[in-house]
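Protein sequence lines, in the order shown, are assigned to chains F and U.
Each residue of the first sequence is one higher than the one before, counting from 1 in the UniProt record's numbering.
Each residue of the second sequence is one higher than the one before, counting from 1 in the UniProt record's numbering.
The hints are simulated quantities; they were obtained by calculation from the structure and are not laboratory data.
Certain hints may be false.
Computed list of lysine-lysine pairs in DSBU-like fashion (alpha-carbon distance at most 35 Å, straight line) [said to hold, decoys possible]:
1) K50(F) <-> K237(U)
2) K76(U) <-> K263(U)
3) K6(U) <-> K50(F)
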Amino acid sequence: MPGDHRRIRGPEESQPPQLYAADKDEAPAARDPTRLRPVYARAGLLSQAKGSAYLEAGGTKVLCAVSGPRQAEGSERGGGPAGAGGEAPAALRGRLLCDFRRAPFSGRRRRAPPGGGEERELALALQEALEPAVRLGRYPRAQLEVSALLLEDGGSALAAALTAAALALADAGVEMYDLVVGCGLSRTPEPAPTWLLDPTRLEEEHAAAGLTVALMPVLNQVAGLLGSGEGGPTESWAEAVRLGLEGCQRLYPVLQQCLVRAARRRGAAAPS
Amino acid sequence: MAAGFKTVEPLEYYRRFLKENCRPDGRELGEFRTTTVNIGSISTADGSALVKLGNTTVICGIKAEFAAPPTDAPDKGYVVPNVDLPPLCSSRFRSGPPGEEAQVASQFIADVIENSQIIQKADLCISTGKLSWVLYCDIICLDYDGNILDACTFALLAALKNVQLPEVTINEETGLAEVNLKKKSYLNIRTNPVATSFAVFDDTLLIVDPTGEEEHLATGTLTVVMDEEGKLCCLHKPGGSGLTGAKLQDCMSRAVTRHKEVKKLMDEVIKSMKPK
Chain F
1 MPGDHRRIRG PEESQPPQLY AADKDEAPAA RDPTRLRPVY ARAGLLSQAK
51 GSAYLEAGGT KVLCAVSGPR QAEGSERGGG PAGAGGEAPA ALRGRLLCDF
101 RRAPFSGRRR RAPPGGGEER ELALALQEAL EPAVRLGRYP RAQLEVSALL
151 LEDGGSALAA ALTAAALALA DAGVEMYDLV VGCGLSRTPE PAPTWLLDPT
201 RLEEEHAAAG LTVALMPVLN QVAGLLGSGE GGPTESWAEA VRLGLEGCQR
251 LYPVLQQCLV RAARRRGAAA PS
Chain U
1 MAAGFKTVEP LEYYRRFLKE NCRPDGRELG EFRTTTVNIG SISTADGSAL
51 VKLGNTTVIC GIKAEFAAPP TDAPDKGYVV PNVDLPPLCS SRFRSGPPGE
101 EAQVASQFIA DVIENSQIIQ KADLCISTGK LSWVLYCDII CLDYDGNILD
151 ACTFALLAAL KNVQLPEVTI NEETGLAEVN LKKKSYLNIR TNPVATSFAV
201 FDDTLLIVDP TGEEEHLATG TLTVVMDEEG KLCCLHKPGG SGLTGAKLQD
251 CMSRAVTRHK EVKKLMDEVI KSMKPK
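With the rest of the complex left out, here is chain F (with noise of 0.2 Å):
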């Protein structure tokens, strides 16, 4: 970058070398619709973070660390009716900070450090859907920093994410109402477009339109949709979020069995 001064300079660009190889890319194979691919979890794996997580899931690669309670910066001051449970009222609750990375070496073509408005508007996204599951009232003046890292990009990255950084906050002993589970659609293109569950890089490639789905499922409500891509019927949509409403339920399983391992783990190593 021209102007960048903090790293070490480059040529001024570059392109992949798969922009001129002979080959075309194949279409990706027929499969079962509402596969979910097998999922590594793993919780309690940084030594400096408060609370971890690593997901795989297929060839998508996601590290989420959380630290914090600390004091928010700017908090304001100020009263106001306070809430049920004796949680402090609303000006004083607490913020939950996110963000999500996408190392240079995890997609098809290097993306450089800073990333840009993408990553900002998935770290958005990935707020929003964890407010509802944190009981951030808990928490008064202080603020949570969920730090997401996307190591392997192998397709719904956003969903990956959002179930590692739900597995960070219950790691790190923050007090939560649930988890949130997230799970990727994508609809194949015209003719006979179809929505598949949990897609890999490759047919969120040649897809006609996305879909992230956040749920939380002890309580069976939706924390999170985020989706775009080219318009269809509605029932299709509607239809969409059922698919990746059950993907999730099948999928809090295995986050249980991941969480109950850490603890034992934890308690395992420290006996004091």
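Fit chain U to the supplied structure of chain F, relying on the hints for placement.
Frame of chain F, contents of chain U only:
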């Protein structure tokens, strides 16, 4: 009770251990933490490696792209290292542009690449003056518990050994490059630089492979980068307490032993991976 003493007087706490020639985590003064390395786990990168030195975890991913060679060296390619210390590795880092420590680490890695000639930049040139490879080496720290420089150097070396570049030919008629993604070849790695870091306590005692707390309490640090045949590539001593010549010699001999250990580990890992 020990935990209380440690919080109030961390330096005294450490001195008690150092007097007995050992450290709180049970290591000797010259002992390294358990080192593990995992090569080739990121499939979107052309080469990748994950290194764990005790708790310190560092991942290096390398992506190769095409670029026009620099005007002052038309027969050379580029190697662009970048060390990133994100807020997830430790609470002392904030998100935003690279802080001082990240910049120092990036410059250190760039110096190591330059001085050790790990890759001849001329090998990266495809067509003089027109096309060459640029290797973007992105090193991200996932867990910061001291001794970042050693872990980064090791991760970089392991990732470079894992990089496979596709074959490129220049079509004479059109002048465009033609890439054959099916035929890939490894890079020609000429040397194996291995870094060894030390921390200086109270201007006299040297300990190897400091953890995060030890680095914080130390009065100085030193990093020695050794090559095969005991050749010194790089010596990084950013201020701190002075060292006598004899102590420096000790450090260098320890670095030579460490080089052998690391080389053995890497060769084992690469051998176990070869059939692909």
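Pairwise hint evaluation, K50(F) against K6(U), where the allowed Cα distance is 35 Å at most = Given pair K6(U), K50(F) holds - Cα atoms ~20 Å apart, limit 35 Å.
Taking 35 Å as the top limit, are the C-alpha atoms of K76(U) and K263(U) close enough?
-> Between K76(U) and K263(U) the Cα gap is close to 28 Å, so the pair holds against 35 Å.
Are the Cα atoms of K50(F) and K237(U) separated by 35 Å or less?
-> Roughly 32 Å between the alpha carbons, so the hint for K50(F) and K237(U) holds.
When the structure is compared with the earlier hints, no violation turns up for any of them.
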